[in-house]
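**Student:** Top to bottom, those sequences are chains X and H.
The opening position of the first sequence corresponds to residue 291 in this note's numbering, with each subsequent residue numbered one higher.
The opening position of the second sequence corresponds to residue 2 in this note's numbering, with each subsequent residue numbered one higher.
Treat the hints with care, since some could be wrong.
Calculated pairs, DSS-like style, for lysine-lysine (alpha carbon to alpha carbon, straight line, at most 27 Å) [to be verified]: (1) Lys45(H) <-> Lys405(X); (2) Lys429(X) <-> Lys54(H); (3) Lys413(X) <-> Lys429(X); (4) Lys45(H) <-> Lys429(X).
A short, non-exhaustive set of chain X residues, derived as facing chain H with CB atoms under 7 Å [stated by the list, open to error]: (5) Glu343; (6) Val346; (7) Glu355; (8) Val379; (9) Pro409; (10) Trp411; (11) Lys412; (12) Gly419; (13) Glu424; (14) Gly425; (15) Lys429.
The hints are simulated quantities; they were obtained by calculation from the structure and are not laboratory data.
Even for Gly, the Cβ is constructed at its ideal location relative to N, Cα and C.
Here is how the chains run, residue by residue.
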Amino acid sequence: MRYDVTTGPIDAHELEAVVTHPGAGAICTFSGIVRDNSRGQSVTHLDYEAYAEMAVPQMRKIGDEIKQRWPAARVAMAHRTGKLEIGEVSVVVSVSCPHRHEAFEACRWGIDRLKESVPIWKKEHAADGTYWIEGDEAKPATG
Amino acid sequence: MAVAIAVRVRFFARLREQSGTEIEALQVPPGATLEDVYDVLRRKHPALEGERKAVRGAINQELSDWSAVVADGDEVAFIPPVSGGH
């Protein structure tokens, strides 16, 4: 198990190495990538900000919940903070299981929970201004 | 009986920009709730979000109800909803 909030680049293969073991026949890895557009506007770059002291325990809690639902699962998660350029990896969730079906399910469940409950915020620098993304809302940044 | 308790307040993301600060020390009366703490902060930083549904409070890194009572030495954080995404 590994749970990181980091300012440096995330290597998905490193997380896969954490979850791999001889009984794991399937590893499902989700990578979130910085996209060049949002809300119909072009995006130049993003800033991610975390409450790290709360985010890492919350990621660990999600990992524990995955292991309750899929007891054979092993989990690793990392989220990047700071300035990210288009095409860079912002978040990775890697889950190993004996078989692919539960690996896909557990990985999807993990990234969905991470996105809705881990205190990390995204600031979009777009053609029409700079916005904090809060759920389905984009709110103008002032800083 | 203490006349005031000291908490450490942290702001994040949009609330950090609105308050103009990341961290501040605050004294509040014993028995103060998260809501009381936020009210004091709103008076100090009028630009802080007024819509309560757009703010969550956490005490010592745990999301807490607005009615939760803070204690001396607590770390109190006010945070916006997280990014979400599809």
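**Student:** All hints are to be evaluated individually against the structure, with a verdict given for each.
**Tutor:** Going through the hints against the structure:
no., hint, result
1, Lys45(H) <-> Lys405(X), "violated (32 Å)"
2, Lys429(X) <-> Lys54(H), "holds (14 Å)"
3, Lys413(X) <-> Lys429(X), "holds (9 Å)"
4, Lys45(H) <-> Lys429(X), "holds (22 Å)"
5, Glu343, "holds (5 Å)"
6, Val346, "violated (10 Å)"
7, Glu355, "violated (16 Å)"
8, Val379, "violated (15 Å)"
9, Pro409, "holds (5 Å)"
10, Trp411, "holds (4 Å)"
11, Lys412, "holds (4 Å)"
12, Gly419, "violated (13 Å)"
13, Glu424, "holds (4 Å)"
14, Gly425, "holds (4 Å)"
15, Lys429, "holds (6 Å)"
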